[in-house]
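Colleague: Sequence:
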Amino acid sequence: MVHFKSRQLVAALAVCSAFAAPSAFADIKIGFNAPLTGFAAFDGNSALVGAKLAVSDANAKGGINGEKLELVVYDDQASAKEATPVATKLVEKDQVVGAVSGSYSAATRATAGIFQSAGVPYVVAYAIDPSVTRTGDYMFRVSAMGDVQGRGGAKLVSNLGKKRVVLLTLKNDFGQTLAAGFKDAAPKFKLDIVNEYEYGIKDRQFGALIAKIKSDNPEVIYASGYYFNAGPLISQLRASGVTVPVIGQEGYDGEKFIEIAGPAAEGTLITTSLDRDSDSPVTQSFLKEFRQSAGYGADMVGASSYSATAILIEGLRKTNGKGGAALRDAIAAGTYEMPIGKLTFNDLHEVNKDVQVQIVKDKAWHRHSVIHDPELLAAPTKAGK
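Letter by letter, the sequence shown follows residues -4 to 380 in the working numbering.
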């Protein structure tokens, strides 16, 4: 009887040890912060779809030497206040090996210092505030920063053969850095900035501003904003009889803008990262996967978040799952074929890539042109920051 109980005890201890001991195939944790609730929830959920697809694709190919990748997700509500404890949890509680921002600039800027101090590589999908990569050498960004996109917007105005421009600028990091880049490049193309007007992120009624714009009689309007601002803006501009081209940016990029603006969306131009008409198999495969997973067409946010996550995973493959400085250096040295195109990083870990121009045709985004101008679109480097 004693012998039987002893065997039971040994067996029980063996079972407990099996659960308590670290697995030879423990998950490799990647952190992810995005606005899953609040005003930016649509963008945040697109970002999450993109990041999940990147992890799923990598795990289907065996993960990292047989170890599965786990995406540890937190909602930051696009708020610096909410994002700060999220980053702390990812570093201290979850002990992630790397992290991805699928969020806006305010939240990303707040978290950057925490990841930098912990030596955790942080790949930013679409937040464009210049200060993010200047936080330190563990920061990376896969989308063109705001002033780079702004300079691209100025060249697009020139390419359209226009000179007289009105700027409509959103009063936040996103809008102001775009406007700064546009104004910096405007003299090179001899553009005449007739006027600049600002508006707030909660604004949806633009009648007073539109009256001023009409009196300015511009040839083109450069208007920063997100889909939830831009949709009402474009609709009201067209309803008031303003027919000149409107140039937006990546904040417009998605089916949601077309849904909100309705027929007025036709002809709207944007500078962005995603070329839906690309002949790249990587891009086309992503577009198909995203639609199947999300139930709607891919946007720049989803494509950039997939790319940021996939780049982090590529780095982990090179380091066999190790983080820290080894992962940072592996990411920095790579050349990547991603849904948002071919890209590398400069010494400040800003992206080197072309700017895509998309236009709404027949209720969908399509390629208008590509801005390839390495000198104009060059991001700051360590020497020039």
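The reader is advised that the hints may include incorrect statements.
Derived PhoX-like pairs (lysine-lysine); straight-line CA-CA distance at most 20 Å [stated by the list, open to error]: (1) Lys76 / Lys24; (2) Lys76 / Lys63; (3) Lys158 / Lys207; (4) Lys178 / Lys166; (5) Lys158 / Lys76; (6) Lys24 / Lys88; (7) Lys88 / Lys56; (8) Lys317 / Lys63; (9) Lys197 / Lys283; (10) Lys88 / Lys158; (11) Lys76 / Lys157; (12) Lys356 / Lys63; (13) Lys251 / Lys356; (14) Lys158 / Lys178; (15) Lys197 / Lys158; (16) Lys313 / Lys24; (17) Lys251 / Lys84; (18) Lys56 / Lys356; (19) Lys317 / Lys337; (20) Lys185 / Lys166; (21) Lys24 / Lys317; (22) Lys157 / Lys197; (23) Lys47 / Lys76; (24) Lys251 / Lys207; (25) Lys317 / Lys88; (26) Lys283 / Lys313; (27) Lys56 / Lys76; (28) Lys197 / Lys178; (29) Lys84 / Lys24; (30) Lys283 / Lys317; (31) Lys56 / Lys251; (32) Lys47 / Lys283.
Derived CB-CB ranges, DEER-like [said to hold, decoys possible]: (33) Gly33 / Asp187: 48 to 54 Å; (34) Ala206 / Lys63: 55 to 61 Å; (35) Glu370 / Gln111: 27 to 33 Å; (36) Lys166 / Pro258: 24 to 30 Å; (37) Asn154 / Tyr192: 32 to 38 Å; (38) Asp187 / Lys84: 36 to 42 Å.
Since the hints were derived computationally from the structure, they do not count as laboratory data.
The beta carbon of each residue, even a glycine, is placed where N, CA and C say it ideally should be.
Colleague: So, for every hint listed, does it hold in this structure?
Modeller: Hint check results:
{"no.": "1", "hint": "Lys76 / Lys24", "result": "violated, 24 Å"}
{"no.": "2", "hint": "Lys76 / Lys63", "result": "violated, 32 Å"}
{"no.": "3", "hint": "Lys158 / Lys207", "result": "holds, 18 Å"}
{"no.": "4", "hint": "Lys178 / Lys166", "result": "holds, 16 Å"}
{"no.": "5", "hint": "Lys158 / Lys76", "result": "violated, 42 Å"}
{"no.": "6", "hint": "Lys24 / Lys88", "result": "holds, 11 Å"}
{"no.": "7", "hint": "Lys88 / Lys56", "result": "violated, 28 Å"}
{"no.": "8", "hint": "Lys317 / Lys63", "result": "holds, 14 Å"}
{"no.": "9", "hint": "Lys197 / Lys283", "result": "violated, 33 Å"}
{"no.": "10", "hint": "Lys88 / Lys158", "result": "violated, 54 Å"}
{"no.": "11", "hint": "Lys76 / Lys157", "result": "violated, 42 Å"}
{"no.": "12", "hint": "Lys356 / Lys63", "result": "violated, 42 Å"}
{"no.": "13", "hint": "Lys251 / Lys356", "result": "holds, 15 Å"}
{"no.": "14", "hint": "Lys158 / Lys178", "result": "holds, 13 Å"}
{"no.": "15", "hint": "Lys197 / Lys158", "result": "violated, 30 Å"}
{"no.": "16", "hint": "Lys313 / Lys24", "result": "holds, 16 Å"}
{"no.": "17", "hint": "Lys251 / Lys84", "result": "violated, 32 Å"}
{"no.": "18", "hint": "Lys56 / Lys356", "result": "violated, 37 Å"}
{"no.": "19", "hint": "Lys317 / Lys337", "result": "violated, 25 Å"}
{"no.": "20", "hint": "Lys185 / Lys166", "result": "violated, 25 Å"}
{"no.": "21", "hint": "Lys24 / Lys317", "result": "holds, 11 Å"}
{"no.": "22", "hint": "Lys157 / Lys197", "result": "violated, 30 Å"}
{"no.": "23", "hint": "Lys47 / Lys76", "result": "violated, 25 Å"}
{"no.": "24", "hint": "Lys251 / Lys207", "result": "violated, 27 Å"}
{"no.": "25", "hint": "Lys317 / Lys88", "result": "holds, 18 Å"}
{"no.": "26", "hint": "Lys283 / Lys313", "result": "violated, 28 Å"}
{"no.": "27", "hint": "Lys56 / Lys76", "result": "violated, 37 Å"}
{"no.": "28", "hint": "Lys197 / Lys178", "result": "violated, 25 Å"}
{"no.": "29", "hint": "Lys84 / Lys24", "result": "holds, 13 Å"}
{"no.": "30", "hint": "Lys283 / Lys317", "result": "violated, 32 Å"}
{"no.": "31", "hint": "Lys56 / Lys251", "result": "violated, 33 Å"}
{"no.": "32", "hint": "Lys47 / Lys283", "result": "holds, 15 Å"}
{"no.": "33", "hint": "Gly33 / Asp187: 48 to 54 Å", "result": "violated, 39 Å"}
{"no.": "34", "hint": "Ala206 / Lys63: 55 to 61 Å", "result": "holds, 58 Å"}
{"no.": "35", "hint": "Glu370 / Gln111: 27 to 33 Å", "result": "holds, 30 Å"}
{"no.": "36", "hint": "Lys166 / Pro258: 24 to 30 Å", "result": "holds, 29 Å"}
{"no.": "37", "hint": "Asn154 / Tyr192: 32 to 38 Å", "result": "violated, 24 Å"}
{"no.": "38", "hint": "Asp187 / Lys84: 36 to 42 Å", "result": "violated, 50 Å"}
Consistency with the previously given hints fails for numbers 1, 2, 5, 7, 9, 10, 11, 12, 15, 17, 18, 19, 20, 22, 23, 24, 26, 27, 28, 30, 31, 33, 37 and 38, ordered from lowest to highest.
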